[in-house]
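Enquirer: Please model the complete structure; the sequences and the hints are all you need to start from.
Protein chains: 2
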Amino acid sequence: MTTLVFGHKSPDTDSTGAPIVWAWYLSDVRQTPAQPVLLGTPNTEAAYMLQRWGFEQPRILDTLEPDQKVVIVDTNNPAELPENINEADITGIIDHHLLVGGLKTRGPIEITVRPLACTVTVMHQMMGDDARKMPDAIKGVMLSCILSDTLAFRSPTTTQADRDLAESLATDLGVEIPALADELLAAKSDVSAFSDADLLRMDSKEYTVEGVKFRVSVLETTSPASILSRKASLMETMVGVAGEDKVNQVLLFIVDILNEEATLLVPNDLVKDLAQKSFGVEVDSDSVVLPGVMSRKKQIIPNLKL
Amino acid sequence: MTTLVFGHKSPDTDSTGAPIVWAWYLSDVRQTPAQPVLLGTPNTEAAYMLQRWGFEQPRILDTLEPDQKVVIVDTNNPAELPENINEADITGIIDHHLLVGGLKTRGPIEITVRPLACTVTVMHQMMGDDARKMPDAIKGVMLSCILSDTLAFRSPTTTQADRDLAESLATDLGVEIPALADELLAAKSDVSAFSDADLLRMDSKEYTVEGVKFRVSVLETTSPASILSRKASLMETMVGVAGEDKVNQVLLFIVDILNEEATLLVPNDLVKDLAQKSFGVEVDSDSVVLPGVMSRKKQIIPNLKL
Numbered sequence: 029m030t031t032l033v034f035g036h037k038s039p040d041t042d043s044t045g046a047p048i049v050w051a052w053y054l055s056d057v058r059q060t061p062a063q064p065v066l067l068g069t070p071n072t073e074a075a076y077m078l079q080r081w082g083f084e085q086p087r088i089l090d091t092l093e094p095d096q097k098v099v100i101v102d103t104n105n106p107a108e109l110p111e112n113i114n115e116a117d118i119t120g121i122i123d124h125h126l127l128v129g130g131l132k133t134r135g136p137i138e139i140t141v142r143p144l145a146c147t148v149t150v151m152h153q154m155m156g157d158d159a160r161k162m163p164d165a166i167k168g169v170m171l172s173c174i175l176s177d178t179l180a181f182r183s184p185t186t187t188q189a190d191r192d193l194a195e196s197l198a199t200d201l202g203v204e205i206p207a208l209a210d211e212l213l214a215a216k217s218d219v220s221a222f223s224d225a226d227l228l229r230m231d232s233k234e235y236t237v238e239g240v241k242f243r244v245s246v247l248e249t250t251s252p253a254s255i256l257s258r259k260a261s262l263m264e265t266m267v268g269v270a271g272e273d274k275v276n277q278v279l280l281f282i283v284d285i286l287n288e289e290a291t292l293l294v295p296n297d298l299v300k301d302l303a304q305k306s307f308g309v310e311v312d313s314d315s316v317v318l319p320g321v322m323s324r325k326k327q328i329i330p331n332l333k334l
Numbered sequence: 029m030t031t032l033v034f035g036h037k038s039p040d041t042d043s044t045g046a047p048i049v050w051a052w053y054l055s056d057v058r059q060t061p062a063q064p065v066l067l068g069t070p071n072t073e074a075a076y077m078l079q080r081w082g083f084e085q086p087r088i089l090d091t092l093e094p095d096q097k098v099v100i101v102d103t104n105n106p107a108e109l110p111e112n113i114n115e116a117d118i119t120g121i122i123d124h125h126l127l128v129g130g131l132k133t134r135g136p137i138e139i140t141v142r143p144l145a146c147t148v149t150v151m152h153q154m155m156g157d158d159a160r161k162m163p164d165a166i167k168g169v170m171l172s173c174i175l176s177d178t179l180a181f182r183s184p185t186t187t188q189a190d191r192d193l194a195e196s197l198a199t200d201l202g203v204e205i206p207a208l209a210d211e212l213l214a215a216k217s218d219v220s221a222f223s224d225a226d227l228l229r230m231d232s233k234e235y236t237v238e239g240v241k242f243r244v245s246v247l248e249t250t251s252p253a254s255i256l257s258r259k260a261s262l263m264e265t266m267v268g269v270a271g272e273d274k275v276n277q278v279l280l281f282i283v284d285i286l287n288e289e290a291t292l293l294v295p296n297d298l299v300k301d302l303a304q305k306s307f308g309v310e311v312d313s314d315s316v317v318l319p320g321v322m323s324r325k326k327q328i329i330p331n332l333k334l
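The listed protein sequences derive, respectively, from chains A and B.
Residue numbering for the first sequence follows the numbering used here, beginning at 29 and increasing consecutively.
Residue numbering for the second sequence follows the numbering used here, beginning at 29 and increasing consecutively.
Hints are computed from structural coordinates only; laboratory data are not their basis.
Mixed in with the good hints there might be a few duds.
Copies of one chain are not kept apart here, so a pair can be met inside one copy or by any two copies together.
[To be verified] Simulated pairs of lysine-lysine, DSS-like, Cα-Cα distance not exceeding 30 Å:
no., residue 1, residue 2
1, Lys132, Lys326
2, Lys161, Lys132
3, Lys259, Lys333
4, Lys333, Lys97
5, Lys305, Lys132
6, Lys97, Lys305
7, Lys37, Lys274
8, Lys333, Lys37
9, Lys132, Lys325
The structure presented is a predicted model; accordingly, all values stated were derived computationally and were not measured.
Expert: Dropping the structure here:
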């Protein structure tokens, strides 16, 4: 049986690229037939990465068959995975997020979580010497994932291991890191084709604070003005999206990559209170700037309070 | 803050030895102060291992303070850990069991689970070249853990990695594997000092089948007759132990290491039905022999049905 390798819903560059990297490794090195799939349409940056390195878009998984062999990458959160994930035969988990609990396996399997910025950096460590066998296209995907997840080394999640690997891959490929990073950021920032609801769901994770369910959405961009110009309609659309997605509130953080700050939209008193308690800021309008905030994982989620 | 390293309640040899190995590695190699502790009195084999390699018995953890830094080894099951485990600051998990879900971490941490027979084999792989720095006493603990968990390579959980490591450690130490294995098994089989309740809890894991909670207890022994001679009082004691430990039923599997079979005590129709459905045997007395069954993880737990 072919093993399906996938990341989380609303696939970003890492959740699109890491399955491609690991399916290559399983198939070509470990001789275990494997196929990357996606749990949704990749975002514009991920789509650019695929095209840049000559990959077709992996198939979007429709239904997960019970007993299907799967490897889960870039998440361990059942809420970000198919509803029946625990009916699948999970044979591996590779991740770099906090453990939320909830996934179960049928037997002892290979689970590797490391506090690194990017899933592919974890994979590279797992490959050991076999990493040398990677074809250029796989190296290119790996490099793109690291530049994406670290915001070209600007994010506080960046570790020396991520940086060293990216630099060595860039040297191997003869690629200039700043140039590739700019291409990826430009692709990520081009959100003109997306509806407000698309933007609110594009890079989003559910998180519960004292019983209140949030969709914590982040948009990383080099052009925050183009998103902020849609502020009113984004805040209107939040209500419907929250209802459809069965959460109490959508939080939208617009991360300005170049200025290294985030703007949080503040549509109501719930978000106002949360912003003040969580980030120690005074809120007096329908948005608030959070200087230095770039990482949902390191700076947003751990601070959320009500 | 010193990191506490511990395994599961009712510590066997692996759950006593693996914390010693990892606390050594954290302290001496990674320069992170760490201390091994136990979640209960070690069994006779574990006690023998400590004495054989010159270790004092690690402190038994009384209460786990909130925010205490901990590394969990040889389990990922909250039921086998202090009740307030999710209030601790879990900084690492190293295990070789199926993922049951339930543990949560505060941030991305190092989690390594591998389908190997023994936790210390996973640790050895994680150490890489630093494993060469292990003093003899640590090597001796490592070797003892592998011989214990693999029943000297008899258990079907044994992998080539466990066997290769054990053989290389034995060569380094100038120890004969069969001799050390015999000493460990003799220590494990000497249960005369234990009460019936002790025996039922000595090597025991909770497991739920269709809403019915079991304590799945295993006694590995080279002398099954000495345990079977206590069958009547063991079955009587099960009722009280189940009540105190808030499970519906205790299952006691007496694993005959030399003859490679297990005897399950059958005190009532619930266990009779379970034995027949789970192992395809006909039960017509108060015990049943299960040929070839030696591993709770590979042969007992995955087959339990009601």
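Enquirer: So, for every hint listed, does it hold in this structure?
Expert: Results for each hint:
no.	hint	in the structure
1	Lys132 <-> Lys326	both (26 Å within a copy, 16 Å between copies)
2	Lys161 <-> Lys132	neither (32 Å within a copy, 36 Å between copies)
3	Lys259 <-> Lys333	within (24 Å within a copy, 56 Å between copies)
4	Lys333 <-> Lys97	between (38 Å within a copy, 23 Å between copies)
5	Lys305 <-> Lys132	between (35 Å within a copy, 23 Å between copies)
6	Lys97 <-> Lys305	between (43 Å within a copy, 26 Å between copies)
7	Lys37 <-> Lys274	within (16 Å within a copy, 39 Å between copies)
8	Lys333 <-> Lys37	within (25 Å within a copy, 34 Å between copies)
9	Lys132 <-> Lys325	both (23 Å within a copy, 15 Å between copies)
Going through the hint list in order, the structure does not satisfy hint 2, though it satisfies all others.
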